Amino acid sequence: VEQVVRIVARAASITDTRVTPEELCRRHADRVYRFATMVADDKNQADDLAQEALERAIRGLDGFEQARGTLDSWLFRIVVNCARDAGRMRTRESALLDRTKRLFVRAVHSPYQVPSGVHDLDLLSAVRQLDPRQRALIGLRFGADLEYQEVGRVLGISSSAATVATHRALAALRGKLEAIGRTGVEK
Amino acid sequence: MSQLLEERLRTLDIRTPPEIVSRALTAATSPPQYEPAPSSRRTGRYARRLGYAAAGIAAFLIANVAVASFVPAYSQAIANAPVVGPVSSQALTYLGLQPSAIAARDQTVTASGHTLRLVGVYADTLRTVVLVQVDGRPFEEPSKTTKTYGIDGYLTDQFGHRYSQTFTPGPGAAFEPITGPAVDAGARLTLHVKGLMPTFKADRVSGNWEMTFTVTRQPAGNVSLPAPVHIGDTTYIFTSVRISGDLVEVRWLATGGSVDQMHRLMDGYYGKNPAPPPSVQEQIRGLNQAYFWPQITDEAGNRVRSIQFGATYPKGKPVEGMYQGVVSGPGRYIFTFGSAATSDATRVIEVK
Chain B
1 VEQVVRIVAR
11 AASITDTRVT
21 PEELCRRHAD
31 RVYRFATMVA
41 DDKNQADDLA
51 QEALERAIRG
61 LDGFEQARGT
71 LDSWLFRIVV
81 NCARDAGRMR
91 TRESALLDRT
101 KRLFVRAVHS
111 PYQVPSGVHD
121 LDLLSAVRQL
131 DPRQRALIGL
141 RFGADLEYQE
151 VGRVLGISSS
161 AATVATHRAL
171 AALRGKLEAI
181 GRTGVEK
Chain X
1 MSQLLEERLR
11 TLDIRTPPEI
21 VSRALTAATS
31 PPQYEPAPSS
41 RRTGRYARRL
51 GYAAAGIAAF
61 LIANVAVASF
71 VPAYSQAIAN
81 APVVGPVSSQ
91 ALTYLGLQPS
101 AIAARDQTVT
111 ASGHTLRLVG
121 VYADTLRTVV
131 LVQVDGRPFE
141 EPSKTTKTYG
151 IDGYLTDQFG
161 HRYSQTFTPG
171 PGAAFEPITG
181 PAVDAGARLT
191 LHVKGLMPTF
201 KADRVSGNWE
211 MTFTVTRQPA
221 GNVSLPAPVH
231 IGDTTYIFTS
241 VRISGDLVEV
251 RWLATGGSVD
261 QMHRLMDGYY
271 GKNPAPPPSV
281 QEQIRGLNQA
291 YFWPQITDEA
301 GNRVRSIQFG
311 ATYPKGKPVE
321 GMYQGVVSGP
331 GRYIFTFGSA
341 ATSDATRVIE
351 VK
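Here the protein sequences line up with chains B and X, keeping their order.
Going by my numbering, the first residue of the first sequence is number 1, and it counts up by one from there.
Going by my numbering, the first residue of the second sequence is number 1, and it counts up by one from there.
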């Protein structure tokens with residue numbers, strides 16, 4: 001009975017939610033879809049993942065409390081959990097953190113120019129060859145356009161760890177691009 | 001002209017298919033869904049789902065998993081011999097279905113270390129039911145002592161329409177009814193299972209199991225609407241009574257004193273978290289029991305198995321209520337809204 005009453009109270013809180021489902025979709029669906037496209041293996045998976053993530057977010061709108069974080073970090077935690085459930089990401093943040101620490105070799109992030117001959121599909125294909133953790137980082141930083149601090153919040157790691165891990169992912173992506181022989185560093 | 005890698009990633013031409021948003025909105029606004037695991041985490045998720053389903057209104061939904069006291073005597077006597085694949089008639093009774101209603105299927109898929117076997121399907125205008133066996137375990141009713149898996153997923157048809165799950169525990173899973181062009185064309189459905197949920201346990205197993213099958217939608221039976229009911233100054237109007245197999249679904253609207261009283265109790269807590277103080281909780285509970293927790297009994301007074309029931313409380317509007325229960329077959333059944341109902345405030349539902 002207590003659970004029932006709690007449900008009543010939680011459900012009641014929806015009336016004060018500031019973001020409507022339509023507004024949530026209008027403002028964020030594109031970024032959710034971009035992230036989904038980068039972590040999924042193909043368009044069908046991306047469609048499923050984006051739809052599932054948006055649905056969960058809409059259903060969970062009353063659980064969003066501004067005092068506890070930004071809408072971005074709240075939303076993308078849901079999206080990332082969806083991706084994990086779909087098997088598109090590793091389930092343990094610690095694996096990412098461990099790997100980040102191991103690779104913390106002060107990788108200098110050098111600007112890398114992608115030649116104009118590389119098409120979007122080539123680039124997306126290279127992203128999809130990365131391991132799931134790297135895809136998640138690339139997807140959150142460049143697909144969802146989150147700041148490193150937000151990326152860290154979403155993945156449960158520090159901002160600096162997110163920065164380093166993302167740079168490593170970019171380096172790996174560069175390696176993939178070079179491996180498929182389509183690009184080179186332009187001087 | 002070359003671009004920085006980061007810039008290229010940011011400007012990748014990825015266009016969101018417009019149907020993604022509409023599907024998400026549609027799926028999220030589907031009726032409140034039952035989730036079986038009673039852990040606090042799942043209760044929270046359940047509450048949030050309900051929150052939006054109520055679309056800005058206060059809502060509650062009480063799911064009543066087969067508790068011993070609710071199990072009618074007839075089900076105890078039913079033989080447990082398989083009638084559809086490994087599914088016994090006892091398991092089907094839990095779903096309110098007869099063996100003859102089930103279309104047998106036999107598909108197996110393995111992922112995440114678990115094997116799922118689709119053994120039967122059923123569809124009508126009220127629901128679509130799939131019978132999925134997990135790891136060869138027998139189909140059993142949910143139990144606190146045995147580890148029975150429920151599936152967590154959704155269906156899609158060949159036209160891309162997505163059907164949310166509406167009922168999970170026990171030997172099968174129910175989804176929203178088939179709709180749209182798939183009704184006339186014949187539905188080719190894909191079952192997407194995203195997780196296995198041990199009933200009454202928290203250790204959900206995530207995975208990705210998919211099985212495609214065809215099914216024809218049967219009509220659900222409609223029953224003529226009973227006359228309105230008055231309990232004190234509260235008035236109830238029936239809006240639909242439908243039969244799906246042996247499952248009876250009743251929907252109604254309520255207005256009047258108890259509704260106003262509920263609004264007053266809940267209004268003070270809109271937007272508040274955590275729950276109201278115990279004294280208010282107690283008042284809400286009492287009001288629910290008296291006016292909004294319905295039941296169906298047979299003519300002998302035996303309560304039928306309640307599957308789920310609940311109500312939503314749109315601000316300034318009538319309460320919208322729903323009840324689902326499994327009856328034992330054709331006959332006359334008595335519907336009662338709550339403990340405050342007097343003998344003249346009950347209605348007969350005739351199942352043919």
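The set of hints was computed from the structure by calculation and includes no laboratory data.
Bear in mind the structure is a predicted one, so any value in this text is a computation, not a measurement.
Positions of the beta carbon are idealized from the N, C-alpha and C atoms, including for glycine.
Be a bit skeptical, because a hint or two may be false.
Derived coverage of chain B by chain X (criterion: at least 3 residues anywhere in the stretch with Cβ under 8 Å from a Cβ of chain X; other residues may be distant) [what the hints assert, rightly or not]:
# : region
1 : 35 to 48
2 : 54 to 62
3 : 69 to 77
4 : 131 to 138
5 : 168 to 174
Just the calculated beta-carbon pair ranges, DEER-fashion [to be verified]:
# : chain 1 : residue 1 : chain 2 : residue 2 : range
6 : X       : P99       : B       : S158      : 14 to 22 Å
7 : X       : T216      : B       : E147      : 24 to 32 Å
8 : X       : I237      : B       : S159      : 53 to 61 Å
> Does the structure break any of the earlier hints, and which numbers would those be?
Replying inline: Checked against the structure, the hints that fail are numbers 3, 4, 6 and 7, while the rest are satisfied.
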